[in-house]
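If you read the sequences in order, they're chains C and A.
The working numbering applies: residue 26 is where the first sequence begins, and numbers increase by one.
The working numbering applies: residue 207 is where the second sequence begins, and numbers increase by one.
Calculated from the structure, these hints are not laboratory results.
Here the structure is a predicted model, which means the values were calculated and not measured.
Zero decoy hints are in this set.
Computed Cβ-Cβ distance ranges for the label pairs, DEER-style:
| # | chain 1 | residue 1 | chain 2 | residue 2 | range |
| --- | --- | --- | --- | --- | --- |
| 1 | C | Thr43 | A | Leu722 | 46 to 56 Å |
| 2 | A | Glu538 | C | Leu347 | 27 to 37 Å |
| 3 | A | Leu292 | C | Val292 | 51 to 61 Å |
In silico DSBU-like pairs for lysine-lysine, Cα to Cα no more than 35 Å straight-line:
| # | chain 1 | residue 1 | chain 2 | residue 2 |
| --- | --- | --- | --- | --- |
| 4 | C | Lys351 | A | Lys336 |
| 5 | A | Lys701 | C | Lys351 |
| 6 | A | Lys343 | C | Lys265 |
| 7 | A | Lys296 | C | Lys265 |
| 8 | C | Lys265 | A | Lys336 |
| 9 | A | Lys299 | C | Lys265 |
Partial list, computed: chain A residues near chain C (C-beta under 7 Å):
| # | residue |
| --- | --- |
| 10 | Trp301 |
| 11 | Gly302 |
| 12 | Ala314 |
| 13 | Ser315 |
| 14 | Phe316 |
| 15 | Asn317 |
| 16 | Pro318 |
| 17 | Ala319 |
| 18 | Ser329 |
| 19 | Tyr364 |
| 20 | His366 |
| 21 | Gln367 |
All residues carry an ideal CB built from backbone N, CA and C; glycine is no exception.
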Amino acid sequence: MHSIVKTILERLGLGVLTLFAVSIIIFSAIEMLPGDFGEAILGQRATPETVAAFRRQLGLDQHPFVRYIQWVLGAIQGDLGTSFSGRNASGVDRSREVVGLIAPRLWNTMFLASMTAIIAVPISLALGITTALFRNSVFDRSVNTATLTTISFPEFFVAYILILLMASLYPVFPSLANVDADTLIGERVYRTALPALTLTLVIVAHMMRMTRAAIINLLASPYIQMARLSGASQLEIIIKHALPNAWAPIATVIAFNLAYLVVGVVVVEVVFVYPGIGQLMVDAVRTRDIPVVQGCALIFAVTYILLNLIADIIGIITNPRLLHPK
Amino acid sequence: MSKDKTSQNILLQVKELQIEGFSDEKWHKIIKGVDLTLFKGEVLGIIGESGAGKSTLGLAAMGYTQPGCRITGGQILFNGENLARLSESKKRKYWGNRMTYVAQSAAASFNPAHRLINQTTDSTVRAGLKNRNDAFKEARKLYEALNLPDPHNIGNRYPHQVSGGQLQRIMTAMAMSPNPDLIVFDEPTTALDVTTQVEVLGAMRSIVEEFNTAAIYITHDLSVVAQMADRIKVLRYGEQVEEAETRVMLESPKEEYTKSLWSVRSLQKKEEVEEDIVLEMKSISAAYGAARVLFDVGIKLPRGRTVAVVGESGSGKSTAARVITGLLPPSEGSVMFSGESLPAELKNRTREQLQKIQMIYQMADVAMNPRQTVREIIGRPLEFYLGMKGELNRSRTIELLELIDLDESFIDRLPSELSGGQKQRICIARALAANPEVIICDEVTSALDQIVQEGILQLLMRLQKEFQISYLFITHDISTVKAISDQVVVMSEGKVVEQGLKSIVFSPPHPDYTQLLLSSVPEMDPDWLTNILKKRS
Numbered sequence: 026m027h028s029i030v031k032t033i034l035e036r037l038g039l040g041v042l043t044l045f046a047v048s049i050i051i052f053s054a055i056e057m058l059p060g061d062f063g064e065a066i067l068g069q070r071a072t073p074e075t076v077a078a079f080r081r082q083l084g085l086d087q088h089p090f091v092r093y094i095q096w097v098l099g100a101i102q103g104d105l106g107t108s109f110s111g112r113n114a115s116g117v118d119r120s121r122e123v124v125g126l127i128a129p130r131l132w133n134t135m136f137l138a139s140m141t142a143i144i145a146v147p148i149s150l151a152l153g154i155t156t157a158l159f160r161n162s163v164f165d166r167s168v169n170t171a172t173l174t175t176i177s178f179p180e181f182f183v184a185y186i187l188i189l190l191m192a193s194l195y196p197v198f199p200s201l202a203n204v205d206a207d208t209l210i211g212e213r214v215y216r217t218a219l220p221a222l223t224l225t226l227v228i229v230a231h232m233m234r235m236t237r238a239a240i241i242n243l244l245a246s247p248y249i250q251m252a253r254l255s256g257a258s259q260l261e262i263i264i265k266h267a268l269p270n271a272w273a274p275i276a277t278v279i280a281f282n283l284a285y286l287v288v289g290v291v292v293v294e295v296v297f298v299y300p301g302i303g304q305l306m307v308d309a310v311r312t313r314d315i316p317v318v319q320g321c322a323l324i325f326a327v328t329y330i331l332l333n334l335i336a337d338i339i340g341i342i343t344n345p346r347l348l349h350p351k
Numbered sequence: 207m208s209k210d211k212t213s214q215n216i217l218l219q220v221k222e223l224q225i226e227g228f229s230d231e232k233w234h235k236i237i238k239g240v241d242l243t244l245f246k247g248e249v250l251g252i253i254g255e256s257g258a259g260k261s262t263l264g265l266a267a268m269g270y271t272q273p274g275c276r277i278t279g280g281q282i283l284f285n286g287e288n289l290a291r292l293s294e295s296k297k298r299k300y301w302g303n304r305m306t307y308v309a310q311s312a313a314a315s316f317n318p319a320h321r322l323i324n325q326t327t328d329s330t331v332r333a334g335l336k337n338r339n340d341a342f343k344e345a346r347k348l349y350e351a352l353n354l355p356d357p358h359n360i361g362n363r364y365p366h367q368v369s370g371g372q373l374q375r376i377m378t379a380m381a382m383s384p385n386p387d388l389i390v391f392d393e394p395t396t397a398l399d400v401t402t403q404v405e406v407l408g409a410m411r412s413i414v415e416e417f418n419t420a421a422i423y424i425t426h427d428l429s430v431v432a433q434m435a436d437r438i439k440v441l442r443y444g445e446q447v448e449e450a451e452t453r454v455m456l457e458s459p460k461e462e463y464t465k466s467l468w469s470v471r472s473l474q475k476k477e478e479v480e481e482d483i484v485l486e487m488k489s490i491s492a493a494y495g496a497a498r499v500l501f502d503v504g505i506k507l508p509r510g511r512t513v514a515v516v517g518e519s520g521s522g523k524s525t526a527a528r529v530i531t532g533l534l535p536p537s538e539g540s541v542m543f544s545g546e547s548l549p550a551e552l553k554n555r556t557r558e559q560l561q562k563i564q565m566i567y568q569m570a571d572v573a574m575n576p577r578q579t580v581r582e583i584i585g586r587p588l589e590f591y592l593g594m595k596g597e598l599n600r601s602r603t604i605e606l607l608e609l610i611d612l613d614e615s616f617i618d619r620l621p622s623e624l625s626g627g628q629k630q631r632i633c634i635a636r637a638l639a640a641n642p643e644v645i646i647c648d649e650v651t652s653a654l655d656q657i658v659q660e661g662i663l664q665l666l667m668r669l670q671k672e673f674q675i676s677y678l679f680i681t682h683d684i685s686t687v688k689a690i691s692d693q694v695v696v697m698s699e700g701k702v703v704e705q706g707l708k709s710i711v712f713s714p715p716h717p718d719y720t721q722l723l724l725s726s727v728p729e730m731d732p733d734w735l736t737n738i739l740k741k742r743s
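Kindly produce the complete structure, drawing on both the sequences and the hints.
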């Protein structure tokens, strides 16, 4: 057990290192973007002096290295800086803390992601297992075709179809998923039903096919033949003999899709007018609100690293060779 | 053992069985009308070369066919019920209950995710023969009867935590757990070292006798089947060649094919002394990372002679080859070639140095690029080492093909269009193409059938005589060593235990390990196992 804890701590350490490297990339990438916040806000006709003063006010006149260090030190303490927006040339400052901007949006995104995951992951696993069980049957082929179809359509198309069916023709759910901090949990579930369903349709195919492939891949192993010859039924073979050895690749794909639910759903947010973090980031990019962009990017990176770490750990603890060394 | 051979006592009767397998878009006949009768408590040996259909027949005896195979005719009567007609869910009632299976590779046949005792008792509990606790208790008794270390706790381990020989015995325990009427042993000791094999064979035989279980024992090794079976059936190309009581079969085989199987190992080279040393390993130590594998190994290879390096898996014999070829630089010591020290690392060796030492591998299949034709495979060293191109290259390739007893028609074939023996011949030709002085042969005959093995060994000996090539012949098989070597090096745990002329190494007195190794090689005598176990206990 000791070595497992050690491995996990090692991976965690590596994760922190990765995050550090990513922070450098984020910062330099944004640094290299053309254009300037000062000019963007003040307009083309602003005098060089006003622009310079404005830049000084924002701290943009300092050397990038200094600004990076300030940003990272702040981020470690949970302070992602202050948003650029809400200021103007007249010196009126109504700007907000980045953390305060991101927090409610992140909560919304997490809510939608969790809701989707709760629906999509069990469905994918169940479909993956049953299609492996009834491989090459009509059921298997229809499930494969159906999931492939939903993944092949663009997200917004799936979203509009769902709106058409479940909000317009048969009004079961609302077509707008506008929630705020005061929305009660039941109401929240009701309003986010359609975006969650859309995302489910988008991610099920990938997870389900991986589950199916990972299991079928193992069905050729000698120990599966052995299990058959010791009288195990097909269901028992899949659940008890194949699945325990298939978790590592399945967990990786699930982690990948969960990460996508957090970082990649801006199109769905736009369609349903859902106030998630994706929209926030897109808005911030448009207005060159650099601290917000950086904050969002950092959170996305953390999401990826953490989820992959969890997938790795699942891979380790489901592998008896690693869990019980010689 | 006397068996009651009346018709009431028949456990299994296979009549006119026909099985087909699907490959290359066609159905091929694998079993072509075989009969088989097995009495209660009897052990039937099935012997044949690869492709004879012996595994297919063994599995069919349980009513099981591998994916891609189908039964097209005949009956499999188990206690009077025809398994060939039964649905899988009905057959499942027999599997793991009245009939069990012991597979060739225990390492691959245990589920890595579950503890051994759970796997041992799984079928017994499922069949409702015993409750979990009783099944566990019984399993521990079986572990003890099979001479497993720490029988009380070994079951709590996972498959990767025990050795291959132990796994094979645990698989036997698993097969015995439901106290079945029939066990099918499918080459159960082929993957084991000889010293382990003796113990496993002894354990399997005594337990089969104790419970009076009937068994089908499938193997390609005559001397093994001689120890285990009451009767022997010889199979070839899916048809029965002959069948007889073990002793009768061993003493007077009737069919030509059986006789040829029996006489394969008559090959014996006369040893010759040679003082001129072409290759020498000088006190070599080597390690993979922190794991040390070779300890102060010194081996001398005389010019134009064969030195056989013999040892069990993990003895370091293949590592020695990797050091010589420069694939693994040694931590200490050096490799001398014709009195000159060779650079330790492959990349520092000159083309001439590389040319002088060639290798032939165990798996001819994977040692060749499947997309290259024979001409490309053999032509490449001709061009690389000797600068031969175009017509010259082609004519030399044909010469080499003739040397290995293949003709010009093979030149445009792909490896997939060759038999196992032909593939290994092409690998020999490829090594020969470089005009080497030394060829390292790493278990070159282990993957081949006996009769094919003999052809390869004879070819190697003829080439040696013609071109004065020296062989470093790595093998775990004592009879191969006896057949071809001038000198023998016995290795164990990374050290040289004994070395010298064949006649000296193979005649007593022996160091302990050599003694153990030599006495573990099964002999044709059906009493050999009984005697050796008696002597050791």
